[in-house]
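4 protein chains.
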Amino acid sequence: MRHPFPCPLRWSDMDAHGHVNNAVYLRYLEEARIDFLARLAREECPGAFTGGSVVARHEIDYLRPLTFRHEPVIVELWVTELKVASATFAYEITDAEAAADAMPYVRASTVFVPYDLERGRPRRITAEERSFLKGYADDSHRG
Amino acid sequence: MRHPFPCPLRWSDMDAHGHVNNAVYLRYLEEARIDFLARLAREECPGAFTGGSVVARHEIDYLRPLTFRHEPVIVELWVTELKVASATFAYEITDAEAAADAMPYVRASTVFVPYDLERGRPRRITAEERSFLKGYADDSHRG
Amino acid sequence: MRHPFPCPLRWSDMDAHGHVNNAVYLRYLEEARIDFLARLAREECPGAFTGGSVVARHEIDYLRPLTFRHEPVIVELWVTELKVASATFAYEITDAEAAADAMPYVRASTVFVPYDLERGRPRRITAEERSFLKGYADDSHRG
Amino acid sequence: MRHPFPCPLRWSDMDAHGHVNNAVYLRYLEEARIDFLARLAREECPGAFTGGSVVARHEIDYLRPLTFRHEPVIVELWVTELKVASATFAYEITDAEAAADAMPYVRASTVFVPYDLERGRPRRITAEERSFLKGYADDSHRG
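Sequence lines, in order, name chains G, V, C and P. All residue numbers for the first sequence refer to the numbering used here, where the first residue is 61 and numbers rise by one. All residue numbers for the second sequence refer to the numbering used here, where the first residue is 61 and numbers rise by one. All residue numbers for the third sequence refer to the numbering used here, where the first residue is 61 and numbers rise by one. All residue numbers for the fourth sequence refer to the numbering used here, where the first residue is 61 and numbers rise by one.
Please note: incorrect hints may appear among the correct ones.
All copies of an identical chain are treated as equivalent in the list; a pair is satisfied when it fits inside any one copy or across any two copies.
[Stated by the list, open to error] In silico lysine to any residue, SDA-like type, Cα no more than 20 Å apart, as pairs: (1) K143 <-> F128; (2) K143 <-> H130; (3) K143 <-> G112; (4) K194 <-> D121; (5) K143 <-> E103; (6) K194 <-> E141; (7) K143 <-> L123; (8) K143 <-> D121; (9) K194 <-> P106; (10) K143 <-> V84.
It is worth saying that the hints were derived from the structure and are not from the lab. Since the model is a prediction, treat every value here as computed from it, not as a measurement.
Using the sequences provided together with the hints, build the complete structure.
What follows is the structure, given as structure tokens:
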């Protein structure tokens with residue numbers, strides 16, 4: 061299962077070339093991640109992913125340019141790897157009504173590390189968090 | 061040879077966690093790239109890299125957090141791969157007086173594609189551009 | 061009549077103090093203005109406000125702090141002054157279900173100048189544009 | 061006396077019109093204010109302006125457009141009003157070697173309120189802070 065997050069663009073996301081700037085897409089991924097971890101996960105298991113987290117790595121491929129429009133893009137987010145103290149999220153940024161074989165604007169992945177802010181160090185993923193994340197394991201489209 | 065670009069931070073680069081946000085580092089890489097391609101390259105060969113370019117891919121590893129300070133960080137940029145119509149840049153973001161074995165804040169790479177804006181498609185790297193880029197080939201630290 | 065624009069926040073709109081940064085509100089005003097001029101106005105009179113425009117002045121009062129939440133804020137926009145070659149917009153940023161006497165987060169105004177990009181100079185507001193703008197004259201709450 | 065702050069531009073400060081976006085200038089003012097309050101003031105009186113502050117109001121006039129260049133702009137900052145619990149700063153954004161009668165890019169002012177973050181309310185300006193701010197009183201150019 062993928063988590064589809066409708067992400068509105070802002071006119072100012074475009075740079076002087078008139079396209080959404082490459083750095084701005086990381087904001088879109090961030091918004092999707094926050095919706096996933098700070099809203100959706102906590103609806104299912106209160107207390108999940110509190111205490112902070114750290115982005116350890118991003119990979120991002122820019123496949124098609126995007127210009128400002130009033131309709132949101134859809135950031136699809138799913139889980140491709142689940143370790144003791146980190147998870148890897150994958151994303152595709154597409155249109156709401158995209159055909160199944162349509163090229164996404166962006167494909168990306170993030171290595172995500174839950175963090176114990178009080179102790180100042182990474183922490184293990186809890187059993188409840190792991191169960192939630194497993195529900196979004198999906199690599200059916202990635203190969 | 062690496063191109064060292066001193067990149068001043070802005071207070072607003074920090075997010076609500078009090079650290080430079082992961083998306084902002086792509087701005088730092090962009091500033092270094094623009095200094096390299098739109099200033100330095102054109103000093104050596106006028107007309108280089110005009111007509112636009114596209115970022116096809118980033119990889120970025122976040123190794124240490126960074127908080128606002130008045131001293132710039134140094135974005136070191138060098139060339140790790142040179143193809144017919146694309147180049148790969150690597151970067152390390154460090155302190156100005158970093159010890160040789162100091163951990164950088166960030167390691168990253170970008171696949172860069174020169175673009176013919178008039179024709180709306182990628183173009184070959186010219187001989188002059190290739191010669192310039194070869195001067196910054198350096199993978200001595202990357203492995 | 062006021063134009064109410066629902067403006068989603070982004071987590072990254074917050075600065076290191078954990079509040080939406082003062083500069084970011086100008087982005088919210090910009091989004092409302094673009095929705096008003098580039099979408100709404102053109103539905104009523106095609107061709108309105110094409111060719112560019114310039115912001116000549118902002119005034120902005122910060123009345124209450126705002127932190128990230130999943131619900132959009134509402135940017136209410138209306139017209140307070142209409143001259144030959146400029147218009148003044150006023151704004152209040154509020155909650156969707158705000159009580160009539162609730163303090164807005166922000167009150168602001170913008171002097172807006174339509175621009176003839178080809179000739180590189182300000183231009184007159186057309187009769188059609190003027191008629192559209194008059195429909196949003198509202199200073200009933202401002203005094 | 062005015063405090064001159066050299067503020068480097070970033071290429072991404074430009075929007076799709078190819079000019080520095082109107083919201084970005086508030087970042088430039090913020091950088092100048094932070095340099096003034098968090099660096100300069102504390103060199104003269106340690107402990108000044110710690111504990112936070114709030115921007116209560118901005119006025120900003122856009123006089124000339126600015127495009128990206130490698131040379132910083134100069135943000136001149138001075139104090140135009142000093143009350144018990146607030147101060148007003150004025151600014152002009154100019155070139156480093158601007159002629160005395162050159163039009164600045166921007167003129168602006170900010171009402172600034174020192175804040176007691178622990179008590180969650182504004183606080184008085186201390187005698188030491190007042191003395192520091194008086195050294196930057198300058199309204200000779202303002203009309």
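Here's how the hints hold up against the structure:
1. Proximity of K143 and F128 under a CA criterion of 20 Å is satisfied in neither setting, with 37 Å inside one chain copy and 30 Å between copies.
2. For the identical chains of this complex, K143 and H130 are neighbours neither inside a copy (38 Å) nor across copies (29 Å), given an alpha-carbon limit of 20 Å.
3. Taking identical chains as interchangeable, the C-alpha atoms of K143 and G112 lie at most 20 Å apart only when both belong to the same chain, with a minimum of 17 Å there against 40 Å between chains.
4. Proximity of K194 and D121 under a CA criterion of 20 Å is satisfied in neither setting, with 25 Å inside one chain copy and 25 Å between copies.
5. Taking identical chains as interchangeable, the C-alpha atoms of K143 and E103 are never at most 20 Å apart, the minima being 23 Å within one chain and 48 Å between chains.
6. With identical chains, the CA atoms of K194 and E141 are at most 20 Å apart within one copy only, with a shortest distance of 9 Å there and 38 Å across copies.
7. Taking identical chains as interchangeable, the C-alpha atoms of K143 and L123 lie at most 20 Å apart only when they sit on different chains, with a minimum of 19 Å there against 29 Å within one chain.
8. Taking the closest pair of Cα atoms, K143 and D121 come within 20 Å of each other only across two copies (18 Å); inside a single copy the shortest separation is 24 Å, beyond that limit.
9. Proximity of K194 to P106 under the C-alpha cut-off of 20 Å is restricted to the intra-copy arrangement: shortest distance 17 Å within a copy versus 50 Å between copies.
10. For the homomeric pair K143 and V84, neither the shortest alpha-carbon distance inside one copy (28 Å) nor that between copies (27 Å) is at most 20 Å.
The structure is inconsistent with the numbered hints 1, 2, 4, 5, 10, although it conforms to all the rest.
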